[in-house]
Each structure stands twice: as structure tokens, then as C-alpha cells.
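Colleague: Taken in order, these protein sequences are the chains called A, B and C.
Under our numbering, read the first sequence as residues 18 to 158, first letter to last.
Under our numbering, read the second sequence as residues 18 to 158, first letter to last.
Under our numbering, read the third sequence as residues 18 to 158, first letter to last.
Rather than coming from a laboratory, the hints here were simulated on the basis of the structure.
Do not take every clue at face value.
It does not matter which identical chain is meant; a pair holds if it fits inside one copy or across any two.
Calculated lysine-lysine pairs in the DSS-like style (CA-CA distance at most 25 angstroms, straight line) [to be verified]:
1. K77 / K95
2. K90 / K44
3. K61 / K44
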Amino acid sequence: MKWCTRIIRLHTKHENDMVDITNQVMKIVRDSNVKNGLACIFVKGSTGAVTTIEYEPGLKQDLPDALERIAPKNVYYKHHETWHDDNGHSHVRASILGCSLTLPIVNGTIPLGTWQQIVFLELDTRSRNREIFVQILGEEE
Amino acid sequence: MKWCTRIIRLHTKHENDMVDITNQVMKIVRDSNVKNGLACIFVKGSTGAVTTIEYEPGLKQDLPDALERIAPKNVYYKHHETWHDDNGHSHVRASILGCSLTLPIVNGTIPLGTWQQIVFLELDTRSRNREIFVQILGEEE
Amino acid sequence: MKWCTRIIRLHTKHENDMVDITNQVMKIVRDSNVKNGLACIFVKGSTGAVTTIEYEPGLKQDLPDALERIAPKNVYYKHHETWHDDNGHSHVRASILGCSLTLPIVNGTIPLGTWQQIVFLELDTRSRNREIFVQILGEEE
Numbered sequence: 018m019k020w021c022t023r024i025i026r027l028h029t030k031h032e033n034d035m036v037d038i039t040n041q042v043m044k045i046v047r048d049s050n051v052k053n054g055l056a057c058i059f060v061k062g063s064t065g066a067v068t069t070i071e072y073e074p075g076l077k078q079d080l081p082d083a084l085e086r087i088a089p090k091n092v093y094y095k096h097h098e099t100w101h102d103d104n105g106h107s108h109v110r111a112s113i114l115g116c117s118l119t120l121p122i123v124n125g126t127i128p129l130g131t132w133q134q135i136v137f138l139e140l141d142t143r144s145r146n147r148e149i150f151v152q153i154l155g156e157e158e
Numbered sequence: 018m019k020w021c022t023r024i025i026r027l028h029t030k031h032e033n034d035m036v037d038i039t040n041q042v043m044k045i046v047r048d049s050n051v052k053n054g055l056a057c058i059f060v061k062g063s064t065g066a067v068t069t070i071e072y073e074p075g076l077k078q079d080l081p082d083a084l085e086r087i088a089p090k091n092v093y094y095k096h097h098e099t100w101h102d103d104n105g106h107s108h109v110r111a112s113i114l115g116c117s118l119t120l121p122i123v124n125g126t127i128p129l130g131t132w133q134q135i136v137f138l139e140l141d142t143r144s145r146n147r148e149i150f151v152q153i154l155g156e157e158e
Numbered sequence: 018m019k020w021c022t023r024i025i026r027l028h029t030k031h032e033n034d035m036v037d038i039t040n041q042v043m044k045i046v047r048d049s050n051v052k053n054g055l056a057c058i059f060v061k062g063s064t065g066a067v068t069t070i071e072y073e074p075g076l077k078q079d080l081p082d083a084l085e086r087i088a089p090k091n092v093y094y095k096h097h098e099t100w101h102d103d104n105g106h107s108h109v110r111a112s113i114l115g116c117s118l119t120l121p122i123v124n125g126t127i128p129l130g131t132w133q134q135i136v137f138l139e140l141d142t143r144s145r146n147r148e149i150f151v152q153i154l155g156e157e158e
């Protein structure tokens, strides 16, 4: 069995910045030489998330709009009492969307749909430097 | 180490069609001879999702009702500008519910609860042919 | 390749009881001697969930508040017709938040952020005994 760990480093620009990391993940899969196995994509930190979506300008706004319905910015968050912080909604959205995504590696690739991209979504209220771990486990044949 | 890839092919009938795939996944696990490891269940495409739920007629309606609160059908989606499409809410719901579910294989089975089934949920606005990958990784002993 | 299965047993006290299981998961990873691989954390049952969050008293209330927006307690659930039950909202919340979380093991640890804890969230309407499976797969070197 083979494993491989790589870190994708991002500098996000603002809240709700959605970054397409598909090509970076696919390159890590190719370089690993793993032909069949699993790829786990994990966001270190509690105010960012990974998911898949059709990466186009419309949905880049529609997904944050839905998260605003789940955890609106302008309601009261008890989190702000603890730290005098402003990002209670960021934490709640991240916990619901999820910090981790595990995908199959089949014949050396991840069998995504044509309109299905892997994205990181910045949920914090400001620009951040982010570390996304890609952990690969599988066989070379 | 052993790995095994199988594809479950479904024809969904309509939006919010919920399909219980537990038996198919369990058969794939049995046939793989993997006794201890992981099973990754992955939906190819950006308008379907996998999760677990108690598969009974009530919840088949209650889960879509909740998704309607997160991403209502009749609000404005910027996605529709891009493609003159009608399924912005489908994409948003799929990204939040998730395209992938990884479960443990323990002693040759997935230790689900009695009222916990693995389901595919059609989120697109019409009948679709679906491919669900089941990727198994683990040991035969 | 090495694998290891452990069960974390919890007694939750009430609905929305959030339990930090980070230390227990980390101990299982250490004891497994797996240095690089994956850890899958899976809740048996359909009314509990696992996710990551900054474990502090504020967010322990803010996350359930958001789930109340997605699946309010006091709306009608068709699930109640099936079983004359009171926990339709619990099932719906659990399906959206998710029963399973897969994390990377890198150099013998899970590279969580400083303010990122692994939590079990009780979504049922009463105290429950819970089994959370931790399935580890990877290499000892």
C-alpha cells in the first residue's frame, strides 16, 4: 500500500471567496502514482469548508446566500460573548458544510462529473492563509 | 491490502426521489471479501447527494422540506443567469448535503443502526440516470 | 497495511448535548501505531452527528440554533405519522449534518487546527447511549 500527504496552501481574499482546487488535487493524485484508493481533502481550521459544486460565477454567490439562511450574519451569536469576535456565523456554517471530503481514486483519477469541481470556501470574515491537507491511500496497480 | 470499485446505476423518477441503496452497498462489501476497512460512496455529478436516514415514507418528505428552507425553489438564483437553467436550488442543496459518504467496514459489514439506511437523494428537477461509485479499501482478514 | 477498530461509548444527557471526543480519537490514533493514513469516525444511529467545531460554550448553543432554522422543532413532520414519534427534526438535522467524518492521519496525529475539535452532537429529544466507531487504516511507518 502507498500513502502520500500534500498540503495545498491558499491565500483567500475575502469572506465567501470560493477557490477551485480541482486541478491541484488531481495533480497530487497523479503524482502519487496511486491508481486505486481514496483521497481525503481536509481543511485545517474551524472557519473554512470543502465541498463539490459546479464552479461558475452564479453558484459562487448562490451557495453563500443559502448559508446566510442557515446562519445569518446579523443575528445574535453566543460565540461573540466568549471571544468578543464577529465570526459566529462563520463557525456554524463551517461545521454544517464540513471540513473534510473523501473521494475515490479509480484508474488514477477522481471520477468527478463534468460540472463537478472540488472547492474550498472561505467562511471567515476576512482574508486568511489556509492549509488544505490531501491525504492519499491506495495501491499503485 | 485489497481494493474494489463498483458502480451502482440508478434511474431516479423525479426531484426528491430518495432511493435506499443499503442492500446494494452491503452486497458490494460482502462480495469484495474486505473484512476491515473503509467504503467510500460517491455521487458523480453536482445535483445529487448521499447521506444516511431512517428510510420511511415520512422522512422521505421531511428531508426535502428542510432543504426547501435552506435553498427554496422560488427565490432568485444567479446560476440561472449563467445557463438559463432552473436548478440553482438543486446545486446548492447538493453542495450542502454532500456528494460523498465514507463508512467503516468492521468484521465484513458496515455497522449501521437498525433504523439507519444509506440513501441517494435526487436533487435535480427531473428524472436522471445516476452513477454512484462504491470504493472499498481494506484487509481480507 | 494496518487497521484498527475502536468504539467510543457515550452517555449523552439531553438534546443538543455536544461532546468533545478529540482526546479519545487522538488516543485511539496513537495507540493504533498508524503513522500515515485515515481515521473514519462514524455514528451508529440516525439521530446523532459528528463534525468539527471550536468547542466553547457559545458555539455549543449557536450550532443548535442554526439547526433550528433548518429543521424547526415546532413544524409538522410526516415522520410522526409513521411512528407517533416526536423526533422528526432530529432525523432531518442528523442527515444534513452527517453521521460520518473522515480525517487524515499525518505523522501519527490528526492535523487539527488549534480551535478545531471533533464533536458528537446529540440530536435526539432525550438522553441516549451512543456508539461511535473509529476505524483507522494506514501504515506504521
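Colleague: Now look at each hint and say whether the structure bears it out.
Modeller: We went through each hint and held it up to the structure:
1. K77 / K95: between (28 angstroms within a copy, 9 angstroms between copies)
2. K90 / K44: neither (36 angstroms within a copy, 37 angstroms between copies)
3. K61 / K44: Both. Shortest intra-copy (20 angstroms) and inter-copy (19 angstroms) distances satisfy the 25 angstroms Cα cut-off.
Of the hints listed earlier, the one the structure fails to meet is number 2.
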